[in-house]
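Top line first, the protein sequences correspond to chains A and B.
First residue of the first sequence: 0, per the numbering used here; consecutive thereafter.
First residue of the second sequence: 2, per the numbering used here; consecutive thereafter.
Because the hints were derived from the structure by calculation, they are not lab data.
Note that the Cβ used here is the ideal one computed from N, Cα and C, for glycine as well.
Keep in mind that a hint or two might mislead.
[To be verified] Ranges of calculated distance between the beta carbons of each label pair, as one might list FRET restraints:
#, chain 1, residue 1, chain 2, residue 2, range
1, A, D131, B, F57, 45 to 51 Å
2, B, S173, A, E227, 44 to 50 Å
3, B, W101, A, H107, 33 to 39 Å
4, B, R257, A, E108, 32 to 38 Å
5, A, H107, B, R257, 50 to 56 Å
6, A, H107, B, W72, 53 to 59 Å
7, B, W101, A, K69, 28 to 34 Å
8, A, E227, B, W175, 48 to 54 Å
9, B, W101, A, L72, 19 to 25 Å
10, A, D131, B, I88, 36 to 42 Å
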Amino acid sequence: MKAFVELRGVSKGFDSASGRMNVLEDVNLEVAEGEFVAIVGYSGSGKTTLMSLLAGLIKPDSGSVTVAGKPVLGPGPDRGVVFQNYSLLPWLTVFENIHLAVDQVFAHETPVARRERTERYVQLVNLTHAKDRKPGQLSGGMRQRVSVARALAMDPKVLLLDEPLGALDALTRGTLQTEIERIWQADKKTVVMITNDVDEAVLLADRIIPLSAGPRATLGPAVSVEIERPRDRKALNHHPEFKHVRSRVIEYLLGSAAKRRATREREQPRAVLSDAREVEA
Amino acid sequence: MLKIASSRLWKGLFLPLLGIFFVVGLWALTSSTWAPALPSPARTWEVSKPYILAPFEKRGELDQGILRFTWYSLIRVAKGYSLAILIGTPLGLLLGVSKWFTNSFDPIIQILRPVSPLAWLPLGLVIFQKPEPAGIFTIAMCSMWPTVLNTALGVRSIPQDYLNVARVLQLSRWKTLFRVLLPAALPYMFTGFRLSLGIAWLVIVAAEMLTGAPGVGGFLWQEYNALIYEHIILCIITIGVVGFGLDRVMGLIERRFKSA
Chain A
0 MKAFVELRGV SKGFDSASGR MNVLEDVNLE VAEGEFVAIV GYSGSGKTTL MSLLAGLIKP
60 DSGSVTVAGK PVLGPGPDRG VVFQNYSLLP WLTVFENIHL AVDQVFAHET PVARRERTER
120 YVQLVNLTHA KDRKPGQLSG GMRQRVSVAR ALAMDPKVLL LDEPLGALDA LTRGTLQTEI
180 ERIWQADKKT VVMITNDVDE AVLLADRIIP LSAGPRATLG PAVSVEIERP RDRKALNHHP
240 EFKHVRSRVI EYLLGSAAKR RATREREQPR AVLSDAREVE A
Chain B
2 MLKIASSRLW KGLFLPLLGI FFVVGLWALT SSTWAPALPS PARTWEVSKP YILAPFEKRG
62 ELDQGILRFT WYSLIRVAKG YSLAILIGTP LGLLLGVSKW FTNSFDPIIQ ILRPVSPLAW
122 LPLGLVIFQK PEPAGIFTIA MCSMWPTVLN TALGVRSIPQ DYLNVARVLQ LSRWKTLFRV
182 LLPAALPYMF TGFRLSLGIA WLVIVAAEML TGAPGVGGFL WQEYNALIYE HIILCIITIG
242 VVGFGLDRVM GLIERRFKSA
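Chain B with its partners taken away, still in its complex shape (with noise of 0.2 Å):
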């Protein structure tokens, strides 16, 4: 008994502390060496403490604390991500679907996939002049193709004994739908949606960055600009850890639907 919650101790928390220990102690030395620029350890915590300590206080408009930064970022990621799953969704289902919709639009899909967010935004700002819808936008265009083509894998994947039941018992066509394929193919599309958000929350530093909206990305590219590389290093580890978050949120939730 004592030996099984001392090795899980062992493996969960003594062993990742010691990655971490080994990754800063990399930091500190290389900002003590070759890279003086570079904020040591001691000085990022020492300058940004006003930020960590007070996350919520907002004293300007690139000024505030950290999670209330990550809260803007959080709510313009959650509207790029719904429009992502709200049309990765059903493309993905056609894709599944129809032999024919998959031979026309497959290959434009896998043309569109690899782009950048880095390019979708300038034509965002083309299309709607405005910084803030052209980042959700931009969300929705890179975090979208998850989404696409696991919902579709998912469809294809279904076991041909199940649509022929739909068949023998004449289920229409939305009974189909909403009885067997959607239940079927949830699985598949929990892996999609759970890759799309982790996309989404990547593309949020370049989306902020440029369109100069407040969030960690904008808070980030701010204070790049301002010479204050301590905020960087920050918003670098906010990023991390709230992405970290998210998709062990989402990981609980998809091994609920794949146990059901």
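With the rest of the complex left out, here is chain A (with noise of 0.2 Å):
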């Protein structure tokens, strides 16, 4: 396999209270060009540290980013993100906010190309209806529409969401999956998502890697999903590839956090009460 986006040896850390806390240590990532790989974590293990390392937002303290090749040095459309939160900018309209991505990465283009390009982009998320409104007039559902045309728009060699649907309701969420999984079968782009719903992940994914608990998280053993696509949501509960990659999946995750429990009370005996009064709530 010839690795697409690739991680080599990345720690990346913050500053705490107590001194210099890893986030992440020793992540190493290979995804080859074409692949959807979906990286399952719990919330606060380092996830969206690990999605902005590859994105180029921040520097990991050691190891390599890799994309296409050449090192990550900063941000670019090369790496198109759809970020947790969405991050339209609300003072432009729907139109405006795909636009501006549009006219930055297609500078060369006619303004007349321009506009047709941006108008595609809000037909296939379905929005044309609405690309006149702010994104304050828009359901959440929509808002991530309009995220993810952006970073599509960029026609970028590679795709990052980061807990594109954590923030939508369950049908929203099932729709925008559907709606995924289309485009990403038209497009063939390389993606990287990152979700904290193995259920999402196996939907959507060719392999799943799971990302231990925190703190210095690190990548676990990668799951194939040998499903033919389309895969169909209602008939996949019953799939027994299904349940078997998400057991495993699942079996890791929480593997790790008991390992991880586990050592922080060998380390800090006081707290464990706490501790484990809160993991139970």
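With the hints as a guide, bring both chains together as one complex.
Set out below in structure tokens:
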């Protein structure tokens, strides 16, 4: 497998009251071109830090991040990011939010071509009827679609999805999952998606990589999802492969959390009681 | 329906009028008892009548209708205020964007901020040698600070997400400024603009008093020297009403930008 997106021995820490704390430690990741990889982990385990490293918004303390053979030195439109909280500019309309990206990436095209390109992406996410509305007048699902359209409109080499559907209700989530799969099937872009929903990962990804519980989180063994596409959400629940993949990922995550608790008990015996209560609650 | 309308009328009109009557009553009581030099409300109205009923008349340099004086003052305030905005906004942007700049200039700003207009005016006279620019200088120096500080606060409070978008898109510095920073900071900036305008109007009296320029403040000071105390009260009321009006207008503009 030739790696298109590659993390090699990446560690990243932040300063805290009790000294520098590594959020991610020795993270290795290889994603092939056109592959859809989902990284699943607990909230607070450093998922967003991992995404920021891939996007180039922060730099690793050690190790290297490579995309398409080139080291990542900063953020850029070759890696389209769909941020966790959409990050739409509230003073711009749906059309303008996407057009800002198009104008920037396709500056060499004529204004007419750029407008048409923007229109196309507005249509791709079925928002033509709402293109002149501002984000404040949209539902969460619609905002997320704008955010996806903006990322796709940059025609990135890699699409980075940071818990893209985390803030949505279950029904909207289902609709958008189908939509993301449809767009990915049509475009065949390399996708790295971060999520805390194992079912979502199984539904969408070619491979699932669990991220162990933080701090000092690292990526666990990858699990391939050998389920033919398009995947039917209703039928999936009874698919033997689905159950198999799901339980392997969950087992790893639970195991890593238990191990993390055990080490913490050894390191800080006094904090155990309050911690244990927290976990139960 | 009727109930809502009457309750609105009650809150919007009767209660404010009640407050005004109370204060005017207190004023009448004061002038008729322990401060006989203070003109009574009736006497103030009597003496001020020509200035109010012919508000735009010009009888002499310092003998003009009250709205004509107000107009002069407004022009002067507009000049000083524009200067304050023109200097204050970029200064605030720099403070918001650059830690280095903040560390260098924030202390001196905090020191200059509380200085009274009465202190700036003589310095303005020394620098410019003429009363008019000295007055405008004073208004600008005093009214600049809310704009500076609120613009800086606005830039600092921009969510990191918006800046990340600018970084992922690799927007140029100018594009980041005009497409992201300014629009995101605009609601804060307008709060600053509004507070600045309030101060600019507040300072007008001081600026005109000492320079003797025609305007509400100049008129007030002249009439004090001429012992026509009724006109002092007329000027105070005028300044108050105009200031209230300006604040209301700015408030409306501010709300438009906030909801946008």
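Evaluated hints:
no.: 1; hint: D131(A) - F57(B): 45 to 51 Å; verdict: holds, 46 Å
no.: 2; hint: S173(B) - E227(A): 44 to 50 Å; verdict: holds, 46 Å
no.: 3; hint: W101(B) - H107(A): 33 to 39 Å; verdict: holds, 36 Å
no.: 4; hint: R257(B) - E108(A): 32 to 38 Å; verdict: holds, 35 Å
no.: 5; hint: H107(A) - R257(B): 50 to 56 Å; verdict: violated, 37 Å
no.: 6; hint: H107(A) - W72(B): 53 to 59 Å; verdict: holds, 54 Å
no.: 7; hint: W101(B) - K69(A): 28 to 34 Å; verdict: holds, 32 Å
no.: 8; hint: E227(A) - W175(B): 48 to 54 Å; verdict: holds, 50 Å
no.: 9; hint: W101(B) - L72(A): 19 to 25 Å; verdict: holds, 23 Å
no.: 10; hint: D131(A) - I88(B): 36 to 42 Å; verdict: holds, 37 Å
Going down the numbered hints, you'll see the structure goes against just number 5.
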